[in-house]
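Letter by letter, the chains look like this.
There are 2 protein chains.
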Amino acid sequence: MDKVPNYSIKQIQRYPIYLKYLISMRNAGVVNITSPLIARALKFSEEQVKKDLQAITSTKGKPNLGRDINVLIDDIEQFLGYKNTDDAIIVGVGSIGEAFMKYEGFKEFGLNILAGFDINPQKIDTKINGKPIFAMSKLKNLVGRLNVKIAIITTPSSAAQYVADLLVDAGIQAIWNFAPINLNVNEDIVIENVNLASSLAVISHKLKNKLQEEKI
Amino acid sequence: MDKVPNYSIKQIQRYPIYLKYLISMRNAGVVNITSPLIARALKFSEEQVKKDLQAITSTKGKPNLGRDINVLIDDIEQFLGYKNTDDAIIVGVGSIGEAFMKYEGFKEFGLNILAGFDINPQKIDTKINGKPIFAMSKLKNLVGRLNVKIAIITTPSSAAQYVADLLVDAGIQAIWNFAPINLNVNEDIVIENVNLASSLAVISHKLKNKLQEEKI
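The listed protein sequences correspond, in order, to chains A and B.
Whatever position you read off the first sequence (first residue = 1), add 73 for my numbering.
Whatever position you read off the second sequence (first residue = 1), add 73 for my numbering.
Isolated chain A, as found in the complex:
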């Protein structure tokens, strides 16, 4: 087998940005593209773009001409696993959970939301965007039957740990957590937290500093 290279989190996070840009360029009729052009457009360094693309691409770029944009797009999609779509469920169909069930953009990123789960009787057994919403009592059985590995938690933070425990018990292996709380799960479960409160705290703090500096 090939040696498996190590990728840093920051590097992995850059590939969807390359992908988005390359698709827009292909749509605009571009056939070949160079690293310096990509670097300028995305405000990355040339060195970084070259390194990132070499790490995942199957072919070399030609001097002056650059790389075939179709090959590059295929290579990135292959690396990110976007060709084999990941099925996921959502737990907590509040306003954020509902938005995610409606959001067509996730498909572009290879994520296919199969169903939602909620405790609200008015939501249970209805559909959003063609996707069913089930009672929590059906979670374990359905996760097993559908063989789904990824769950998105969009519950209030007070419910998130309880839900995480249920999900792990049901066989979920990766959790995308939008509840502003640190989840306590076994180390072998993949967890990615998106804490909107923390992100907003950074903005408020920087803005406050900026406005104070202007006053001085």
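Calculated from the structure, these hints are not laboratory results.
Beta carbons: idealized from backbone N, C-alpha and C, even for Gly.
One or more of the hints may lead you astray.
[Unchecked claim] FRET-style restraints, in silico, Cβ to Cβ:
#1 B:Asn282 / A:Lys180: 37 to 45 Å
#2 A:Leu110 / B:Lys83: 32 to 40 Å
#3 B:Tyr235 / A:Lys283: 29 to 37 Å
#4 B:Asn105 / A:Lys204: 25 to 33 Å
#5 A:Asn143 / B:Gln127: 51 to 59 Å
#6 A:Lys283 / B:Ile142: 27 to 35 Å
#7 B:Tyr235 / A:Leu110: 14 to 22 Å
#8 B:Tyr235 / A:Asn143: 21 to 29 Å
#9 A:Asn143 / B:Asp242: 35 to 43 Å
#10 B:Ser81 / A:Asn185: 33 to 41 Å
Following the hints, put chain B in place on chain A, whose structure we already have.
Below, chain B without anything else, positioned relative to chain A:
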């Protein structure tokens, strides 16, 4: 004037997590709380919790008894600026933008969404959660009149740079960007990117590695 201490981004991001936890403990009837207890509950190190709380609190904890939970909550809210709510507008009232207009949780974090802006004639001059949606042509005038400093971009990525330029021209000083694209704006504008595609790429990659390891 007092010396202004330096806070790291990671440190600032932890305060909303402390706040959320402390409020839940206060609601559960807790009056005093110690750093080791907080550290255990949030899976932070004791050293870090002590350092973080000392950096922003006005009083010292008492040995064994700990800190007054009300004082601690007040100090964190003061530091994060949650007492003086930040007004914000949303540009792009698609499924994510709509969810944000409905999401009551932002108020807890000190963010008050005043209005949305969109190009869709069917959305313009309607309301979501009591908040009006305006045409883009009204953006400059309204941002100036309302003296709003924060904008949230939830447009498709193809429109995000154009919208960012409009916002900066209108006087916006901080942008919370949810479009999966790097925005090109003047350095003095505060930008915080939440790239859901990048976050998802990290999950997919880790999950793929995990499943491969299990096969071996």
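Here is how each hint holds up against the structure:
1. The hint said 37 to 45 Å for the Cβ distance between Asn282 of chain B and Lys180 of chain A, and at roughly 23 Å that hint is violated.
2. For Leu110 of chain A and Lys83 of chain B, the hinted distance range of 32 to 40 Å is satisfied, since their beta carbons lie about 34 Å from each other.
3. Between Tyr235 of chain B and Lys283 of chain A the C-beta distance comes to about 24 Å, which lies outside the given range of 29 to 37 Å.
4. The supplied range of 25 to 33 Å is broken by Asn105 of chain B and Lys204 of chain A, whose beta-carbon atoms lie about 46 Å from each other.
5. Between Asn143 of chain A and Gln127 of chain B the CB atoms are about 56 Å apart, so this pair conforms to the stated range of 51 to 59 Å.
6. A hinted range of 27 to 35 Å for the beta carbons of Lys283 of chain A and Ile142 of chain B is consistent with their spacing of about 32 Å.
7. Between Tyr235 of chain B and Leu110 of chain A the C-beta distance comes to about 21 Å, which sits within the given range of 14 to 22 Å.
8. Distance hint check: the CB atoms of Tyr235 of chain B and Asn143 of chain A are about 27 Å apart, consistent with the given range 21 to 29 Å.
9. In this structure the hint that Asn143 of chain A and Asp242 of chain B lie 35 to 43 Å apart at CB holds, the actual value being about 37 Å.
10. The hinted range of 33 to 41 Å is satisfied by Ser81 of chain B and Asn185 of chain A, whose Cβ atoms lie roughly 37 Å apart.
Figure legend: structure checked against the earlier numbered hints; hints not met, in rising order: 1, 3, 4.
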